[in-house]
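Peer 1: Based on the provided sequences and hints, a complete structural model is requested.
Numbered according to the working numbering, the sequence shown spans residues 20 to 278.
Derived from the structure by calculation, the hints contain no laboratory data.
Any given hint could turn out to be false.
[Stated by the list, open to error] Computed spacing ranges between beta-carbons, pair by pair:
{"no.": "1", "residue 1": "T180", "residue 2": "I201", "range": "28 to 34 Å"}
{"no.": "2", "residue 1": "D88", "residue 2": "A171", "range": "16 to 22 Å"}
{"no.": "3", "residue 1": "S113", "residue 2": "Q224", "range": "43 to 49 Å"}
{"no.": "4", "residue 1": "E174", "residue 2": "S146", "range": "41 to 47 Å"}
{"no.": "5", "residue 1": "D266", "residue 2": "L135", "range": "23 to 29 Å"}
{"no.": "6", "residue 1": "Q143", "residue 2": "E170", "range": "39 to 45 Å"}
{"no.": "7", "residue 1": "D88", "residue 2": "E142", "range": "54 to 60 Å"}
{"no.": "8", "residue 1": "D88", "residue 2": "E167", "range": "21 to 27 Å"}
{"no.": "9", "residue 1": "P131", "residue 2": "Q110", "range": "25 to 31 Å"}
{"no.": "10", "residue 1": "D266", "residue 2": "E225", "range": "40 to 46 Å"}
{"no.": "11", "residue 1": "S191", "residue 2": "S62", "range": "27 to 33 Å"}
{"no.": "12", "residue 1": "E170", "residue 2": "L257", "range": "33 to 39 Å"}
{"no.": "13", "residue 1": "N101", "residue 2": "I201", "range": "46 to 52 Å"}
For each residue, glycine too, the CB sits at the ideal point set by N, CA and C.
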Amino acid sequence: MLKFMLASGMVLGGAAVGLYCYSPALRAVVNQTAAQATGWTESARQADPAGYIEYVRRQLRDDLAAIRDSRAQLQSEQERLNALQQTRQQQLTSSGRLLSGFRSAWQTGEFPVVVLGQSYSSEQLQSQVALLLEEQTGYEASLQRIREAQEASTERLRELTVQLETIGTSLSLLDTQKELLISERLETSGGQLVAGVDALLNHNQELLSVGPVRPLDDLVAAEGTPAVAGSRSMARVLEYLRNGLPDAGVAGLTSAAIR
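Peer 2: This is the structure we're talking about:
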């Protein structure tokens, strides 16, 4: 059996490949689908097997270059995501330190208090803490979006890398078995080749047509400007000042405190 079938990663399993050899109905479906995918009808392939194989090789090389470009762009975007994650984590940490300082000052119970050289009344301190909690909320949400984008980009990189390996293997097999396929005029193992080429080229186009992982610029734009804390957040401020941040961060403050 032609090794190309294994390299193509077709949806058709071993049983279906066997059916191809013995089922005229399945051969007709494969031939029709392949004609749609490559533009080569069965009669055209058999009349010019060398031309068909060269067409397939050229198409696979084009797909190889396009998928390599997509992977390089995705890797670049992933580096930017990692840099943004580091920045947001630093901002979250710095904001957390400020919150801790204001909380320690509030717990003294003596006002006005001085924090980082600035004097605050009790009301002023609570307003400042409210703003910092809003910032914390934004940083936590940003980090969550970044993590989701990183997971998606990692999975897509894996898919592209696997497909590049598949295309490379398929090209090598085409090169080594070209003369055999031409001599058979694509009738025996060549029929399996047609099915494999169809599946491989279709999957290449599926990968290339999928929209990219959400771009970094979109993630940044979605963050917007932190909302100014209003009276509805004062209960959350007092909960933080009394109990500190839970392990879940600002999002872990009780729902009663943010109503």
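Peer 1: Would you mind marking each hint as holding or not holding in the structure?
Peer 2: Consistency of the hints with the structure:
{"no.": "1", "hint": "T180 <-> I201: 28 to 34 Å", "verdict": "holds (32 Å)"}
{"no.": "2", "hint": "D88 <-> A171: 16 to 22 Å", "verdict": "holds (19 Å)"}
{"no.": "3", "hint": "S113 <-> Q224: 43 to 49 Å", "verdict": "holds (46 Å)"}
{"no.": "4", "hint": "E174 <-> S146: 41 to 47 Å", "verdict": "holds (43 Å)"}
{"no.": "5", "hint": "D266 <-> L135: 23 to 29 Å", "verdict": "holds (27 Å)"}
{"no.": "6", "hint": "Q143 <-> E170: 39 to 45 Å", "verdict": "holds (41 Å)"}
{"no.": "7", "hint": "D88 <-> E142: 54 to 60 Å", "verdict": "holds (57 Å)"}
{"no.": "8", "hint": "D88 <-> E167: 21 to 27 Å", "verdict": "holds (24 Å)"}
{"no.": "9", "hint": "P131 <-> Q110: 25 to 31 Å", "verdict": "holds (28 Å)"}
{"no.": "10", "hint": "D266 <-> E225: 40 to 46 Å", "verdict": "holds (41 Å)"}
{"no.": "11", "hint": "S191 <-> S62: 27 to 33 Å", "verdict": "holds (28 Å)"}
{"no.": "12", "hint": "E170 <-> L257: 33 to 39 Å", "verdict": "holds (36 Å)"}
{"no.": "13", "hint": "N101 <-> I201: 46 to 52 Å", "verdict": "holds (49 Å)"}
When each numbered hint is compared with the structure, no violation occurs for any of them.
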